[in-house]
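Asker: Listed here are the chains, written in short residue letters.
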Amino acid sequence: MTTKVTQFVKHQVAHHFDNAEHEFDAAKLGMWAFLIQEILFFGGLFVAYFIFRAMYPAMFVEAHHHLSWQLGGLNTIFLITSSFTMAMAVRSAQVSQKNKLILFLVLTFLFAGGFMCVKYVEYMTKIHHGYLPAKWFFGTGTFDTEPLFFGLYFTMTGLHGLHVLIGMGLIAWLIIRSNRGEFHKDYYTPVEMVGLYWHLVDLIWIFLFPLLYLIG
Amino acid sequence: MSESAPVKDNYLNSPKGIWSWIYTLDHKRIGIMYLAAISVAFILGGIFALLLRLEHLNPGPLLFTAKQYNQLFTLHGAIMVFLFIVPSIPASLGNFILPMQLGAKDVAFPRLNLTSYYIYLIGAIFCIYSMIAGAADTGWTFYTPYSSTTDTSVISMTLGAFILGFSSILTGINFLVTIHKMRAPGMSWFKMPLFIWALYATAIIQVLATPVLAITLLLLVLERTMNIGIFNPALGGDPVLFEHFFWFYSHPAVYIMILPAMGVISELITAFCKRDIFGYKLVAYSSIAIAIIAFLVWGHHLFVSGQSDAANSIFSLLTFLVGIPSGIKVFNWIATMYKGTIDFKTPFLYALSFLALFCIGGFTGIMLGALSFDVFAHDTYFVVAHFHYVMMGGVVMAFLGGLHYWWPKMFGKMYSEFWGRIACALIFIGFNMVFFTQFILGSKGMPRRYFNYLDQYQPLHAFSTYGSWVLGLGLLLVLIYLIDSLVDGKPAPANPWGALTLEWQTDSPPITENFTHTPEVHHGPYAFDKVKPS
Chain P
1 MTTKVTQFVK
11 HQVAHHFDNA
21 EHEFDAAKLG
31 MWAFLIQEIL
41 FFGGLFVAYF
51 IFRAMYPAMF
61 VEAHHHLSWQ
71 LGGLNTIFLI
81 TSSFTMAMAV
91 RSAQVSQKNK
101 LILFLVLTFL
111 FAGGFMCVKY
121 VEYMTKIHHG
131 YLPAKWFFGT
141 GTFDTEPLFF
151 GLYFTMTGLH
161 GLHVLIGMGL
171 IAWLIIRSNR
181 GEFHKDYYTP
191 VEMVGLYWHL
201 VDLIWIFLFP
211 LLYLIG
Chain H
1 MSESAPVKDN
11 YLNSPKGIWS
21 WIYTLDHKRI
31 GIMYLAAISV
41 AFILGGIFAL
51 LLRLEHLNPG
61 PLLFTAKQYN
71 QLFTLHGAIM
81 VFLFIVPSIP
91 ASLGNFILPM
101 QLGAKDVAFP
111 RLNLTSYYIY
121 LIGAIFCIYS
131 MIAGAADTGW
141 TFYTPYSSTT
151 DTSVISMTLG
161 AFILGFSSIL
171 TGINFLVTIH
181 KMRAPGMSWF
191 KMPLFIWALY
201 ATAIIQVLAT
211 PVLAITLLLL
221 VLERTMNIGI
231 FNPALGGDPV
241 LFEHFFWFYS
251 HPAVYIMILP
261 AMGVISELIT
271 AFCKRDIFGY
281 KLVAYSSIAI
291 AIIAFLVWGH
301 HLFVSGQSDA
311 ANSIFSLLTF
321 LVGIPSGIKV
331 FNWIATMYKG
341 TIDFKTPFLY
351 ALSFLALFCI
361 GGFTGIMLGA
371 LSFDVFAHDT
381 YFVVAHFHYV
391 MMGGVVMAFL
401 GGLHYWWPKM
411 FGKMYSEFWG
421 RIACALIFIG
431 FNMVFFTQFI
441 LGSKGMPRRY
451 FNYLDQYQPL
461 HAFSTYGSWV
471 LGLGLLLVLI
481 YLIDSLVDGK
491 PAPANPWGAL
501 TLEWQTDSPP
511 ITENFTHTPE
521 VHHGPYAFDK
531 VKPS
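So the protein sequences, as listed, match chains P and H.
First residue of the first sequence: 1, per my numbering; consecutive thereafter.
First residue of the second sequence: 1, per my numbering; consecutive thereafter.
By construction, these hints were calculated from the structure, which means they are not laboratory data.
None of these values were measured; they are calculated from a predicted model.
Careful: at least some of the hints might be erroneous.
Capping the alpha-carbon separation at 30 angstroms, the derived lysine-lysine pairs in DSS-like fashion look like this [said to hold, decoys possible]:
| # | chain 1 | residue 1 | chain 2 | residue 2 |
| --- | --- | --- | --- | --- |
| 1 | H | 191 | H | 181 |
| 2 | H | 339 | H | 191 |
| 3 | P | 28 | H | 281 |
| 4 | P | 28 | P | 10 |
| 5 | H | 105 | P | 185 |
| 6 | H | 16 | H | 490 |
| 7 | H | 105 | H | 16 |
| 8 | H | 105 | H | 490 |
| 9 | P | 28 | H | 413 |
| 10 | H | 67 | P | 135 |
| 11 | H | 67 | P | 10 |
| 12 | H | 413 | H | 105 |
| 13 | H | 181 | P | 10 |
| 14 | P | 28 | H | 532 |
| 15 | H | 191 | P | 28 |
| 16 | H | 532 | H | 274 |
| 17 | P | 185 | H | 181 |
The shape of chain P in the complex, shown without the other chains (with noise of 0.2 angstroms):
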């Protein structure tokens, strides 16, 4: 036992806070606000498909063809076992494994980082059939408004793809705070917070998945 008291770093309770609990509700109370004002800039986006997708429902089953199923099924098969590791690394910090809770956060980390490779392929292949947003749109299509699945597609697809970096980077935080023993079951706040910011990131990708590469 005495091995594992030295790994670990002792957490100071902010001055304002009466103890760890205290401070570890409000920070949790403060992330689900965050996440709900997440979902409502994402609504904005859903609102905006839902109406245009309305109103040309044979151009969006006619461009979404060339979307690829296939790449867009891997990415979510990787952010949902990159959910499942991060759960794990939670569980893990909570009965401080430092060594798992680095590992379960490394696998989040590299399935999160095979999310973006699978999206720049995507993003490549679209960017040189010519598949953009109107201004640079030189695909062919047998509709006029063509461009405009596109551009929800980019837009969508490209603000997920920066809170998955967003994610990485808090990620690649963690580790190196993991390693440094500062996490552990008396004190685990950041790795929960971050745990719950990807769930969201993972959950929008599953409305997105269906919604872009699976209509008709």
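Chain P is already provided as a structure; the job is to place chain H on it using the hints.
Answerer: Frame of chain P, contents of chain H only:
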């Protein structure tokens, strides 16, 4: 300073040095920094307003070209809305007072609080950049398709507003958690001061509505840079969708502005009538009710934008509903005064001004919510006057009232009561000269945002401009005597007004951690019949 008693340590003088301010996590210092920043924005927006009024002294060009005029009213609107009114009461007075009224040492997330402030400054820099680099001329509403085609710098202005939105969201989250988690022992929800209830309702709107503005403005930027087509009819998009998105935020946003003002008024009226608020729970719940209804009325901005008759009727009805909780508040404030021991100090004069002006602003809002009248009055000076009666007559009056009320607490100095009353009277008279005239102009058909006008409107336009000088003089006076009080003001006692809320139970100015001992709460915030003010 010659015969000074030893100056006690307080949040202003300890720790010392400019870096201790730049890196400060103290909610009081951050509140003061916000106060300075929004004051600069208010002065800037105010100068633009004076110039706009001056241009209208006579028909025809006087100072500006038509395009410059469009840029000026855009800058006036954008600065006043995004840089001044939205953050005004919550970020400056709220930041300072909220933790103290709760009996807490700080907000829940002090570092996030400082981050919000710097995000605000970055947003402000974008807006200022837009001013220099060919200021936007779209109006503060950025309506498409004009905003996606004009050659002025719309992108930097919308990005500025986008960034300011983040600051607003983070402040909202911070206050929400602070109110939930940081209340002093004994302070149940119904023992909270009503200012806090108002900030709580505001925070809900900030968190739920602002992200929609963020995505809307981002889509506008993408529209201009990548031509994504969502708002462009040539590509199958829909410009009216922008209006829906924009007002889904911006209508609730006017409640982000007015709710904290209502909270301030509840504090002022109880403190200067020395009476418990009439119907505490109704006043508290009406804040929440306004926050909820706020989300359901945005369509009343689109009555003439081709919305269906059914949608118009529903939005009209919902708009009338907002009048109920607002009316409850007004009646309760007036009932609080009944048989109170009223003390006509400067902050209370502002509260009375608020009541008068807000009632006019509110009732004309109900008029505009009626479809038949709105079709007649939309896009005229009538709307401009209504908006200013609520925003300036309501929010700014309450802000000034709150500023005077908490000034002794913030800086430990008393301002000149005499000049305070004179300035309040000038502001009240000047304001009505400017904007009551505009109700008449609007009802005679003067359209808003027009550079030129027919000769027949000249006398009224000129009167409105004269009023702007009286109003400007009043506000200048406030600036002068408040700054003077910092230098020459008498030291303020801990509780100059004899109020009962917790912020008055500590020194003026307070120590860094607000209270020497965490206060315990045994009575309501306005229980003047049970306890004597210390």
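Asker: Against this structure, judge whether each hint is valid.
Answerer: Tested hints:
1. H:191 - H:181: holds, 15 angstroms
2. H:339 - H:191: holds, 23 angstroms
3. P:28 - H:281: holds, 29 angstroms
4. P:28 - P:10: holds, 20 angstroms
5. H:105 - P:185: holds, 27 angstroms
6. H:16 - H:490: holds, 23 angstroms
7. H:105 - H:16: Distance ~20 angstroms between residue 105 (chain H) and residue 16 (chain H) Cα, so the pair holds.
8. H:105 - H:490: holds, 27 angstroms
9. P:28 - H:413: Violated. Residue 28 (chain P) to residue 413 (chain H) sits at ~40 angstroms, over the 30 angstroms cutoff.
10. H:67 - P:135: holds, 28 angstroms
11. H:67 - P:10: violated, 62 angstroms
12. H:413 - H:105: Holds, because 22 angstroms separates the two Cα atoms, which is no more than 30 angstroms.
13. H:181 - P:10: holds, 24 angstroms
14. P:28 - H:532: Violated. Residue 28 (chain P) to residue 532 (chain H) sits at ~39 angstroms, over the 30 angstroms cutoff.
15. H:191 - P:28: At roughly 25 angstroms apart (the allowed maximum being 30 angstroms), residue 28 (chain P) and residue 191 (chain H) satisfy the hint.
16. H:532 - H:274: Given that 30 angstroms is the threshold and the Cα spacing comes to 10 angstroms, the pair holds.
17. P:185 - H:181: holds, 22 angstroms
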